[in-house]
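My request is simple: use the sequences and hints to build the entire structure.
Protein chains: 4
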Amino acid sequence: MQIGLVGLGKMGGNMRERIRNAGHTVIGYDTNPEVSDVGHLSDLVDRLDGPRAVWVMVPAGAATQHVVDQLGSLLKPGDTVVDGGNSRWTDDERHAKELGARGIGFVDAGVSGGVWGLQHGYALMVGGDEEHVERLQPIFHALKPDGPYGYVHAGGVGAGHFAKMVHNGIEYAMMQAYAEGWELLEKVDSVDNVREVFRSWQEGTVIRSWLLDLAVDALDDDEHLERLRGYAEDSGEGRWTVEAAVANAVPLPAITASLFSRFASRQEDSPQMRMVAALRKQFGGHAVESAEKA
Amino acid sequence: MQIGLVGLGKMGGNMRERIRNAGHTVIGYDTNPEVSDVGHLSDLVDRLDGPRAVWVMVPAGAATQHVVDQLGSLLKPGDTVVDGGNSRWTDDERHAKELGARGIGFVDAGVSGGVWGLQHGYALMVGGDEEHVERLQPIFHALKPDGPYGYVHAGGVGAGHFAKMVHNGIEYAMMQAYAEGWELLEKVDSVDNVREVFRSWQEGTVIRSWLLDLAVDALDDDEHLERLRGYAEDSGEGRWTVEAAVANAVPLPAITASLFSRFASRQEDSPQMRMVAALRKQFGGHAVESAEKA
Amino acid sequence: MQIGLVGLGKMGGNMRERIRNAGHTVIGYDTNPEVSDVGHLSDLVDRLDGPRAVWVMVPAGAATQHVVDQLGSLLKPGDTVVDGGNSRWTDDERHAKELGARGIGFVDAGVSGGVWGLQHGYALMVGGDEEHVERLQPIFHALKPDGPYGYVHAGGVGAGHFAKMVHNGIEYAMMQAYAEGWELLEKVDSVDNVREVFRSWQEGTVIRSWLLDLAVDALDDDEHLERLRGYAEDSGEGRWTVEAAVANAVPLPAITASLFSRFASRQEDSPQMRMVAALRKQFGGHAVESAEKA
Amino acid sequence: MQIGLVGLGKMGGNMRERIRNAGHTVIGYDTNPEVSDVGHLSDLVDRLDGPRAVWVMVPAGAATQHVVDQLGSLLKPGDTVVDGGNSRWTDDERHAKELGARGIGFVDAGVSGGVWGLQHGYALMVGGDEEHVERLQPIFHALKPDGPYGYVHAGGVGAGHFAKMVHNGIEYAMMQAYAEGWELLEKVDSVDNVREVFRSWQEGTVIRSWLLDLAVDALDDDEHLERLRGYAEDSGEGRWTVEAAVANAVPLPAITASLFSRFASRQEDSPQMRMVAALRKQFGGHAVESAEKA
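Chains W, V, A and F are the protein sequences, given in the same order. Here full-length UniProt numbering is used: position 80 in the first sequence is 80, and no number is missing along the way. Here full-length UniProt numbering is used: position 192 in the second sequence is 192, and no number is missing along the way. Here full-length UniProt numbering is used: position 164 in the third sequence is 164, and no number is missing along the way. Here full-length UniProt numbering is used: position 57 in the fourth sequence is 57, and no number is missing along the way.
Calculated directly from the structure, the hints in this document are not laboratory data. No experiment lies behind these values; they were computed from the predicted model shown. Any given hint could turn out to be false.
[Stated by the list, open to error] Keeping only pairs whose Cα atoms sit at most 25 Å apart, straight-line, the calculated DSS-like set for lysine-lysine is: (1) F:Lys10 to A:Lys281; (2) A:Lys187 to V:Lys97; (3) A:Lys97 to A:Lys76; (4) F:Lys187 to A:Lys281; (5) V:Lys97 to V:Lys76; (6) W:Lys76 to W:Lys97; (7) F:Lys281 to A:Lys10; (8) F:Lys10 to A:Lys187; (9) A:Lys97 to V:Lys187.
[Unchecked claim] Some residues of chain V that are not near chain W, with every Cβ distance over 12 Å (derived): (10) Glu17; (11) His24; (12) Glu34; (13) Val35; (14) Gly39; (15) His66; (16) Arg94; (17) Asp129; (18) Phe140; (19) His141; (20) Glu171; (21) Gln202; (22) Gln272; (23) Gln282.
The beta-carbon is built from N, C-alpha and C at its ideal position, and this holds for glycine as well.
What follows is the structure, given as structure tokens:
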């Protein structure tokens, strides 16, 4: 099968390779000419036989919107666009409508796998109409891991990104769970070797997981994580998960706590705790630390 | 009425003055001879007519235990000890038993009021048997604020400190509430004058309170709280409140979040967020900040 | 001064009365003819001398949008619309733009006071350009409480509703704080009289507040709150506060916990806890309760 | 090697079988004569050659204390007791001291594996002095899973149970993470098949784990978990994890949120939300639901 692939960064580049390894034809386009197969997006479209399929793998938001707009002009009725980036599910609904007005199909695909996907396959959560999803099966099959898992047609347009978003929300809380446990073990004197405790958990326990394996790898590299700062970015999906929870009146205390911990990790000094300190000083004459001392 | 008062620090010293202003006789003892009325604790006991009442106002834990032990030896059956410090309610049960074995009564008194108590009175939450509590009424009356509020006999031994502990737990969450709101208002561009927003809330709103008044005082002194660090101690009662919640299977999400925010405020760098950063690096090749950069 | 007032429900009706009591002329319109002063919104506009001011006091969202749209057609350049409802601050920006294109000014006003406002005054948090806000001063003055507090011009368009929204977020966490403390006190045996503990806190404590006074009123009416269900709606502002926090990367753990507690209070049975129960059953053979038993 | 095993319930019985399968001699004692190998605990001691090792596998708290007390009388200097139950780490310190005074060694072993342990092995986290731990290696080897993982000597007395406790705390938050994600997916209309989304995550994702596998098993058995109530017990370790966090000033927001969610799941009606409802009624005339309607 032929497919166009727009965006050949760390993810897109590896995905091109995995699809090609499965015997398919990939025409890749990137604004970086060193990795691009064609000079212009229009060249990519021209080199595909109709009905075309073009996979978009660029940053969510403005960049994805720009590519979708361009493809809306370049593609023909019967063609299909797949958004494999980390778009918000609400963007999918708009994109499907915009492209649908021109007879172009739209599929959203949440993609998990990171740097491990090239070798082990990418988990795919897909949303869209059956007819559009069906056409892409050879590509999905090429990308997904071997075995029975790693692919789902989750529902209509937006369901793929929604499922991937919730996946990331769960991921936030799982990472937070291990992190909290690790800090507590490191804090107490009685436990001599926290790294070996984590390593031992890799078999026979309720909490064994791939993330635990990665935690052990990280501790093998830097036993007390002294070469890192306690600073964590968040990537959009965590925020959107909380927004979706609020919109749907679903309580997500652990996932939200994990997101807020990341927010706090990026503050040099906490404004809200300055207010708490100020109030303590006002009513109790409690000692506070001045900013100068910091 | 006569009363002995052990511990003449910031709280005890002011309380001595307020009780004396009400016309009672206070014999105060402190290890600091500059403020003490007598040279030894035994002198204090000697100068009181029986049945004696001695109010202990020293730090919770070892210091209180030490004074209770000494008073157990010095006092006589029919005398009464009041622990007005911030003891854990479980200590009260032990102290009551130890003193009760010698025929000495025990009353626990949670005292609120801070630096404002001398002038406006101290709120008192009292626990103990009716007979012991009854004897102390003149002193409680002298200490409490004027008007119908500010005093309660909450229940048996320990109930006074338990009620005061819950008061402090509520206080933690209320301070956190204002602090969170303040940070959000300070963060957004559209609100020009957060201090004036806080000031305006002092009348007509659902959230008007004494703590809000103090917040306005603090902002008048330092509009953006730039002279403080976001660093807040916790004083025992917050922790005990969470422990009591865990022991009684009562969910306290807001109070506990407030306590944890204080814990986090005192960390230079968050160990758990180092683990989160390490995991993100492992699976995604996400950029992390090295400790060197910090 | 003359003012038009659209929406004469519980809030709007009382506000009309308070403004009239201050000597101003109010032309009120409501879809309910029993309370309306005019038959049609156009009549209201006709009866005001230019430059007109019309205060909109209808539910946020579609109802407010509908009235703003109508006023956009009926009013003239130089007139001013005040949205005193509970609109999202993002709606304000759109309304200001829509009306501004026709030369009509826009002011947003967050109004606090509930059923107590008629007598004691309404706290007002106002956003908009100085020229539009200035014109409304006589009305703001009539509505606000006596004394120095209860009114603030918080910033540009949207700042009034944003400040009111944060006020409500703080309110959520303060209510949660008292509620958590109350449940813990009710749960333990040692505290005999929780209502009297709450009552005593009304003077001399750090946590005295108007909400505490209301809590005592509620307990006087129903000592153990046995006539109510543990069921709490949320009114929009709480959700928006969390959304604003997520958008601005500000951690709000206590306010968010309070919102989530309300979400959970409205669930007959918690789906997520069914999953937790299912997982416990899978790995441990732990006893679970079947739905039939519920 | 010979070992005595006290407590032959679901866990102990399977452990006896696994140890015997490895070729060791197990003398088991249980108060239930149908499963016990001997009639009295003293018979068990008599049938072991010195220096003896006795593994205690009974409920934490009073039952474990009772067996430890009895073994203290029955065993000889040089013998060793292993507590494999779910004791609090602070109990270990006391037990080690009590037994140590008689020359008897003490080892604490946190055991994970539940109903799966007989076949796949039990993960063991062990605390105690090297000399006592060393003697038990053949038994630990028999119980643990095959392969390099599943056993750790975590530190001195108490470290084994402390590590197991933290394991369970992490487990609480991981279960909560999946549960929250599942509820959100079930709530939205766009995702058609939540079970298949969960199934797909079992390969290629960041969140693949044994718990996820169990979640899929549970959903295969009861797709929407309609046969369960949202009711979850907690087993001690979750509470102790929060207590240890509070004692060590380590913030554990996600783990604590998970514990509190379990507490709330067991309440027919939430007292604290009755207070929130009461406050809303007081200040706003908000509609509340009466208990009669519930």
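| request: State the violated hints by number, sorted upward, taking the hints as numbered earlier in the document. | output: Per hint list: 8, 20, 22, 23 violated.
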